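For reference, the chains in residue letters:
There are 2 protein chains.
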Amino acid sequence: MKEQTIQLNLSPERKPKPQSEELGFGKIFTDHMFIMDYTEGQGWHDPRIVPYQPISLDPACMIFHYGQTVFEGLKAYLTEDNRVLLFRPQKNFERLNRSNERLCIPPVDEEFALEALKQLISVEKDWIPNAEGTSLYIRPFIISTEPFLGVAPSSRYKFMIILSPVGAYYKEGIHPVKILVESEFVRAVAGGTGEAKTAGNYASSLKAQEIADGKGYTQVLWLDGLEKKYIEEVGSMNVFFKINGEIVTPALNGSILEGVTRNSVIELLKSWDLPVTERRLAMEEIREAYKSGQLEEAFGTGTAAVISPIGELLWNDEKMIINEGTTGPIAKKLYSTITGIQNGKEQDPFNWTVEVEQYAATK
Amino acid sequence: MKEQTIQLNLSPERKPKPQSEELGFGKIFTDHMFIMDYTEGQGWHDPRIVPYQPISLDPACMIFHYGQTVFEGLKAYLTEDNRVLLFRPQKNFERLNRSNERLCIPPVDEEFALEALKQLISVEKDWIPNAEGTSLYIRPFIISTEPFLGVAPSSRYKFMIILSPVGAYYKEGIHPVKILVESEFVRAVAGGTGEAKTAGNYASSLKAQEIADGKGYTQVLWLDGLEKKYIEEVGSMNVFFKINGEIVTPALNGSILEGVTRNSVIELLKSWDLPVTERRLAMEEIREAYKSGQLEEAFGTGTAAVISPIGELLWNDEKMIINEGTTGPIAKKLYSTITGIQNGKEQDPFNWTVEVEQYAATK
Ligand SMILES: Cc1ncc(COP(=O)(O)O)c(C=O)c1O
Ligand SMILES: Cc1ncc(COP(=O)(O)O)c(C=O)c1O
Numbered sequence: 001m002k003e004q005t006i007q008l009n010l011s012p013e014r015k016p017k018p019q020s021e022e023l024g025f026g027k028i029f030t031d032h033m034f035i036m037d038y039t040e041g042q043g044w045h046d047p048r049i050v051p052y053q054p055i056s057l058d059p060a061c062m063i064f065h066y067g068q069t070v071f072e073g074l075k076a077y078l079t080e081d082n083r084v085l086l087f088r089p090q091k092n093f094e095r096l097n098r099s100n101e102r103l104c105i106p107p108v109d110e111e112f113a114l115e116a117l118k119q120l121i122s123v124e125k126d127w128i129p130n131a132e133g134t135s136l137y138i139r140p141f142i143i144s145t146e147p148f149l150g151v152a153p154s155s156r157y158k159f160m161i162i163l164s165p166v167g168a169y170y171k172e173g174i175h176p177v178k179i180l181v182e183s184e185f186v187r188a189v190a191g192g193t194g195e196a197k198t199a200g201n202y203a204s205s206l207k208a209q210e211i212a213d214g215k216g217y218t219q220v221l222w223l224d225g226l227e228k229k230y231i232e233e234v235g236s237m238n239v240f241f242k243i244n245g246e247i248v249t250p251a252l253n254g255s256i257l258e259g260v261t262r263n264s265v266i267e268l269l270k271s272w273d274l275p276v277t278e279r280r281l282a283m284e285e286i287r288e289a290y291k292s293g294q295l296e297e298a299f300g301t302g303t304a305a306v307i308s309p310i311g312e313l314l315w316n317d318e319k320m321i322i323n324e325g326t327t328g329p330i331a332k333k334l335y336s337t338i339t340g341i342q343n344g345k346e347q348d349p350f351n352w353t354v355e356v357e358q359y360a361a362t363k
Numbered sequence: 001m002k003e004q005t006i007q008l009n010l011s012p013e014r015k016p017k018p019q020s021e022e023l024g025f026g027k028i029f030t031d032h033m034f035i036m037d038y039t040e041g042q043g044w045h046d047p048r049i050v051p052y053q054p055i056s057l058d059p060a061c062m063i064f065h066y067g068q069t070v071f072e073g074l075k076a077y078l079t080e081d082n083r084v085l086l087f088r089p090q091k092n093f094e095r096l097n098r099s100n101e102r103l104c105i106p107p108v109d110e111e112f113a114l115e116a117l118k119q120l121i122s123v124e125k126d127w128i129p130n131a132e133g134t135s136l137y138i139r140p141f142i143i144s145t146e147p148f149l150g151v152a153p154s155s156r157y158k159f160m161i162i163l164s165p166v167g168a169y170y171k172e173g174i175h176p177v178k179i180l181v182e183s184e185f186v187r188a189v190a191g192g193t194g195e196a197k198t199a200g201n202y203a204s205s206l207k208a209q210e211i212a213d214g215k216g217y218t219q220v221l222w223l224d225g226l227e228k229k230y231i232e233e234v235g236s237m238n239v240f241f242k243i244n245g246e247i248v249t250p251a252l253n254g255s256i257l258e259g260v261t262r263n264s265v266i267e268l269l270k271s272w273d274l275p276v277t278e279r280r281l282a283m284e285e286i287r288e289a290y291k292s293g294q295l296e297e298a299f300g301t302g303t304a305a306v307i308s309p310i311g312e313l314l315w316n317d318e319k320m321i322i323n324e325g326t327t328g329p330i331a332k333k334l335y336s337t338i339t340g341i342q343n344g345k346e347q348d349p350f351n352w353t354v355e356v357e358q359y360a361a362t363k
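Sequence order for the protein chains is G and E.
In this text, residue positions in the first sequence follow our numbering: the first is 1, and each later residue adds one.
In this text, residue positions in the second sequence follow our numbering: the first is 1, and each later residue adds one.
Keep in mind that the hints were calculated from the coordinates and are not lab data.
Do not rely on the hints blindly, as some may be mistaken.
Keeping only pairs whose Cα atoms sit at most 30 Å apart, straight-line, the calculated BS3-like set for lysine-lysine is [as the list claims (entries may be wrong)]:
id: 1; chain 1: G; residue 1: Lys-229; chain 2: E; residue 2: Lys-228
id: 2; chain 1: G; residue 1: Lys-229; chain 2: E; residue 2: Lys-229
id: 3; chain 1: E; residue 1: Lys-228; chain 2: G; residue 2: Lys-228
Chain G residues, not near chain E, derived (Cβ > 12 Å throughout) [as the list claims (entries may be wrong)]:
id: 4; residue: Leu-8
id: 5; residue: Lys-125
id: 6; residue: Ser-144
id: 7; residue: Lys-158
id: 8; residue: Lys-197
id: 9; residue: Asp-213
id: 10; residue: Tyr-290
Remember, it's a predicted structure, so these values are computed and weren't measured experimentally.
All C-beta atoms, glycine included, are put in the ideal place defined by N, C-alpha and C.
Extracted from the complex, chain G is given alone in its bound form (with noise of 0.2 Å):
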């Protein structure tokens, strides 16, 4: 597989880039996408670089009806010397082959599909914002073609990446987020597909947070499904307490997604001697430590938002207000030292940035 070469087809005309202040998340697409077909007996073939474009499927195509699919979220980050870093891909194509292996999906070379990464991002350089706070936010995915309605996993898939030049995901930024405790909905549970990041899970959370939504709160924390009593992460991050001390985040336990942004700031709190523990942790405690003025910081950790610390939690008809709402020093701290070595204003002292060169052929 990574003997093969990516076809380069690009396109005559190049659309108009948008200004900074127009950026979202996600609604604007760059010129290229990259595309590789799987066949049964054939394996990953004609890996391309191809005009943006819409795709074709017969309407039998398994996606449609059984949602045998994977995806990943990453960003590239433009550095003030105009170089472009990407944040800790490979993990990206690994947790991708976890999730293609609970799919069952056969799984990618994790080498080529960096490389092929590499190579539309140097063609599509020029998309990337460098405003503070914007990237180019990349989204390779997998999904099932085979044109047939039985349940059974597909003979024919599609793997693609597309790009996005994103602002700041949270209209409220670095602002702290008020996040409802999720009681009635449930996300995932020991044995289902909660550790794979593929849309079964994003469908089943849409009910509870638009419910989340209509109260004025940005997202849901799911809670286990088994008791729903204890945390398990944020709608699309993980989660983090400072409690008397003691920073906690839910232990790693089948149902939660294991986030890129979770392992790095475990492990910047690591290095900075701040004690962290991965363990099962209670809604119920968090209450308690709330009671008696122990909770002192509470933020989520993923791609989109980075670090996004929690000002407030409304669990049943209880509210407790984190802070004073405002963001507490940990979260800063370990803000600006992520998106520091994101866009290379910090030293990356664990090599955790990729450079992407230009290479010759994609201009």
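Use these hints to put chain E with the ligands onto chain G, whose structure you have.
Positioned in the frame of chain G, the structure of chain E with the ligands alone reads:
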């Protein structure tokens, strides 16, 4: 909505019809499909019957990423006197709307959807196979089509109906199948999407199904996601057991799909004065009944197979052979009665069938 007329754009070419021996399940599609679009602010619009063809979608369409989609499955049957019958189609469109509600998809007008289906079938009448056990499988489905990489309900959808002439679903025909009781993976849990007919439920089932396949079992029997003790349903069937004279099926608890066949079986059994109980049913109870010789019958119910007798259950390492691996008398009677009603050979005391008239405009 009901006022809208359905545009007819008939194909100048017709594909050759398959021989009845060539019919599998869900691989061959007819010459036309029904499609209508939803746009926020405008509602469902542009209903049309067009040649069966690929659909062209932006790679950012939400269906590819967040799985906001629902589907249905029902069948049309050709009677000996050349009439076309649908089996309780209203129930499928009611269930479609219940699924829509759970997935935050705007409802469709159920009467209009049925009207659209009738017109489509009228166009495709020649595709309905007439050999014993064959039928025309009908797949209505809705996909979210807004090109947006944010987790939120889509502002655009497509509702489609495609048709596939099918033979018998199980290779084994009405013969008993072997079912593996799943102890590791979980399909659904209360608060999740188990009650809805949506893609993610099936994606999450692939892994367990693949393992069962490898061991020579046709499908898996799901236990509840909380304690893995109580019986839920089979991959694409509800399930009934006869224990010491009592016919039992798991009660609708929020994580089981409410099958149309399940409901029909319950009605029929009641009309025959056979006691049937909907209640919680532990796998351990089945095991004990088996040991004491009181497990008299077991069968699955679903549109594809209608009634599928279960000849063997494997739970952990324990093998239970039911009714000596043969089809029991109740399964047999239910099968012949329901298929008889469906193909017009038996009386239809409940008015379950709906006849599809020939529309003048469709020929
Ligand atoms: C459910 C869920 N949890 C957590 C995360 C955070 O993961 P990461 O830090 O890799 O972006 C995401 C993705 O962004 C997610 O979708
Ligand atoms: C999960 C599941 N359970 C049960 C059934 C049976 O439902 P019905 O009798 O309406 O076909 C189906 C669908 O066919 C199904 O997909």
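So which of the earlier hints does this model not fit?
As far as the earlier hints go, 6, 7, 8, 9 are violated by this structure, in ascending order.
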